[in-house]
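Generate the whole structure from the sequences, applying the supplied hints.
Number of protein chains: 2
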Amino acid sequence: MITIAVAKGDGIGPEIMDAVLHIFNAANVPLKYDIVEMGKWVFDKGFSNGMTPEAQETIESLGVLFKGPMETPKGKGVKSINVTARKTWNTYANKRTFQTLHGVDTVFSKAGIPIDITIVRENIEDTYGGIEHMLTHDVALSRRFITRPGSMQVIRYAFEMAKKKGAKRITCGHKANIMKITDGLFLEVFYKVAKAYPTLKADDIIVDDLCMKLVTRPDTFDVVVLTNLQGDIVSDLCAGLVGGLGFAPSANIGDHISIFEAVHGTAPDIAGKNLANPTALLLSGIGMLQHLGLMEIAANIENALLYTLESGVHTGDFGNKQTAPIGTTEFAQAIINNFGKKPTHNPKPDTDDIANTCTVYKLDKNPMLESVETEQEKIVGVDMFIESNEQPNSVAEKCLAHGKNIFNLVTISNRGTQVWPTGSVFTNLVNQYRCRFESINNRALSQQDIINLYSSLSKDFKVCSLELLNMWHGSKAYSLAQGQ
Amino acid sequence: MITIAVAKGDGIGPEIMDAVLHIFNAANVPLKYDIVEMGKWVFDKGFSNGMTPEAQETIESLGVLFKGPMETPKGKGVKSINVTARKTWNTYANKRTFQTLHGVDTVFSKAGIPIDITIVRENIEDTYGGIEHMLTHDVALSRRFITRPGSMQVIRYAFEMAKKKGAKRITCGHKANIMKITDGLFLEVFYKVAKAYPTLKADDIIVDDLCMKLVTRPDTFDVVVLTNLQGDIVSDLCAGLVGGLGFAPSANIGDHISIFEAVHGTAPDIAGKNLANPTALLLSGIGMLQHLGLMEIAANIENALLYTLESGVHTGDFGNKQTAPIGTTEFAQAIINNFGKKPTHNPKPDTDDIANTCTVYKLDKNPMLESVETEQEKIVGVDMFIESNEQPNSVAEKCLAHGKNIFNLVTISNRGTQVWPTGSVFTNLVNQYRCRFESINNRALSQQDIINLYSSLSKDFKVCSLELLNMWHGSKAYSLAQGQ
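Protein chains in written order, with numbering that gives the first Met the number 0: chain A, 0 to 483; chain B, 0 to 483.
Fair warning: there could be bad hints in the mix.
As the list claims (entries may be wrong) - Simulated pairs of lysine-lysine, BS3-like, Cα-Cα distance not exceeding 25 Å:
id : chain 1 : residue 1 : chain 2 : residue 2
1  : A       : Lys-461   : B       : Lys-377
2  : B       : Lys-39    : A       : Lys-179
3  : B       : Lys-179   : A       : Lys-73
4  : A       : Lys-475   : B       : Lys-78
5  : B       : Lys-163   : B       : Lys-200
Claimed, not checked - Chain B residues, not near chain A, derived (Cβ > 10 Å throughout):
id : residue
6  : Ala-26
7  : Glu-70
8  : Arg-143
9  : Gly-239
10 : Lys-341
11 : Asn-345
Said to hold, decoys possible - Residues from chain A shown here face chain B by an in silico Cβ test under 7 Å; the list is partial:
id : residue
12 : Thr-126
13 : Gly-128
14 : Ser-141
15 : Thr-146
16 : Thr-215
17 : Ala-238
18 : Ser-370
19 : Asn-430
No lab work stands behind these hints: they were computed from the structure.
Think of the CB as a built atom: it goes at the ideal place given N, C-alpha and C, for glycine as much as any other residue.
Here's what the structure looks like:
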């Protein structure tokens, strides 16, 4: 019997968690629960990350956390407990499944458009690294990074999960037409991984087109994998399609620890009143059972839930206004009473259990995810980001005095648009320029060459930032300026 | 009489443009048209930016371009003509209006949910600057920049436009809970501008929540202003809500040149067959008339269009399958025949013309948008982004040998998560670390101090990138690491 950690959460958390565990126990789910201390009330007891050391130890030794909604105290400078959990335990994939639930009215269910979409979102990278700087008083920068091994982890998970759930199609959502290097890398990894799954139809779509199609033809999508911010936006859009966060489960998957949670709020106004809807948390729990390979019991509980919703039973937040709502515990009991029944729409098939391949082991150092590829590499230049409120020609004139015989000044751009050697007088400038220096004839440079240029240039300008220009296998590992 | 530049475009472009100009002429629109050469066929004639020098000169002297859909030749390394136009002429605001069109069926129109949303998207900044670098073989970086004056331009436009159209509410969509400095800046500027418009209800919403609400309660939004990528995604989502790109006009607004265009494709398969739907281009043209202050004639044409759609007249791409579709020219004629009629749903009110305040003047240098604020400023450290596949403690040990007596090594992070001095063993690493060096007691540093540290550190590591840490008015102008 597997033991998992359970954190009931704040607000309506305890009552919906109790309802779900009551359903699990009635279904004889073969799990044991270790209740841990985590949430706003733990912050309030003085634990700055919202959990006790014992809770953290238990979760790390068990590897699976089932959690209710939690609140982060406001205005105390503490980080969101949900973000802390994802970061601390490196849960690199966020998986959310959105399906039409008959009995939960939406414009799409009314129009008879069926929805069954799983969004897998990268959970660590992108601008969520929170690496931000003001370069001048006027220019703010957020570093959006996408890594090859990070993309590999989440995309591999997405394919493996899609295969396990019997998906037909897996789609990569991206903006590689604009972010050619970062999203281009994500897309490249996607098609590399796809080769190992020939039975899955793998394709890709630009994220804005994806969002347009999701609100017109959501029935055409199956599994979609995306980078962090785009995935965040698309998952909430999809939650809207099926009735909101109250009907959308969530899983945060890592190699060592995975977290299954409802992502809706703690609804303090109705807490303790037996009014809350436990559906999202129950669906998250069902996802957890599937993750643990307990496919049969997961299908049984899900069928009972779908049957119950279909029959018109509902809590106060949804459903037919003509029929009276019931309470949280009665809703749970209605599901238990429907064990063994199958819904008319989309009954879940009987599926054999899968051996649980989740491994819990002790790490003695941080995993380093380096790609094994080694490539011929050289430094061929540097982008110097400088502060100046002068016109492009004056900036160029000054730059040209530096790095002579080693570097060519090849382009100066402002907000990504080239302003020197050619440009448009209509380009509005901000007080930061990017000056690109490349080595003459792509000669390999040393770091000392870059440092010498920096030192020389700093006599004329404040250099806010710099990026090396690399060349690998004879290809430039950087983008050209618009107009270059 | 104002003269504007007209580029008919590729594929179905010429026939839908002819249809729209036919409607304009029948309505006695007081404009003259100067037809310019721009599009794929101009690329094919050997002009690498898709327009002739005469076309560019005409557009720049007239200040308004009305354009049909255009194609960019594939695989020739040429930039998208649409992007080139926006960049060259600094059209900093993209405005798109999405309204329920009775006669165009969508799940929302069937559900009786009215939509009338205007999205204003910043059009220059964000990751659309295309500044990307590979820092190591595994780590790709896109620089997402948001500037104070760039935000000011687009937000001022949004408020001014909202006031002109009689909007009640203006909402800022953002992700400032994650991108606290960049989107925080955008949001700060939004509320600063809002103070000058006390009659408009100004509020803000997290972009993922916005997308969820747009697919459940789109009728609650009016004008929404966003940064570039988020605005791109949200506008296409909204196009989906009203029936797709065929019903969504677009305007790119600059201080000197503005572009009004249909953003759908060139549909080469039906080009020249009199089958294309001119609605999006006509709506874009109506937006252009409003921009020029010709409010009365714009309302007349729009009412005739709405009446025509409402009456069930349609081209082959939409409408009741039971009634036969008509051709492009017949569709235009039907609208002309309905001049003077008003639709049952959402008739446009008679509005007085507004004096045209668009100015066309010659620029002799690039406008510099620097904020006038001057602030007490000092350099207090540097983030060094280094390549290494060693464990955090080894990296720290080496770093600690550099910059002694000047700098403290305060944190090392990997993908934004702190791994030294404290961290979690579960954090998966990539082969790039960010090492933050701050001056002892926040002493003001010189650029030479930074250069000396760089020079010293480069003996142990390849430094891929660096960012200065600034302090203004005693506040840190950079974010802390997760866990710092």
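To see whether the hints hold, each was checked on the structure:
| no. | hint | result |
| --- | --- | --- |
| 1 | A/Lys-461 / B/Lys-377 | holds, 11 Å |
| 2 | B/Lys-39 / A/Lys-179 | holds, 23 Å |
| 3 | B/Lys-179 / A/Lys-73 | holds, 15 Å |
| 4 | A/Lys-475 / B/Lys-78 | holds, 18 Å |
| 5 | B/Lys-163 / B/Lys-200 | holds, 14 Å |
| 6 | Ala-26 | holds, 31 Å |
| 7 | Glu-70 | holds, 14 Å |
| 8 | Arg-143 | violated, 4 Å |
| 9 | Gly-239 | violated, 4 Å |
| 10 | Lys-341 | holds, 28 Å |
| 11 | Asn-345 | holds, 19 Å |
| 12 | Thr-126 | holds, 5 Å |
| 13 | Gly-128 | holds, 3 Å |
| 14 | Ser-141 | holds, 4 Å |
| 15 | Thr-146 | holds, 5 Å |
| 16 | Thr-215 | holds, 5 Å |
| 17 | Ala-238 | holds, 5 Å |
| 18 | Ser-370 | holds, 5 Å |
| 19 | Asn-430 | holds, 5 Å |
This entry does not satisfy hints 8, 9, going by the numbered hints stated previously.
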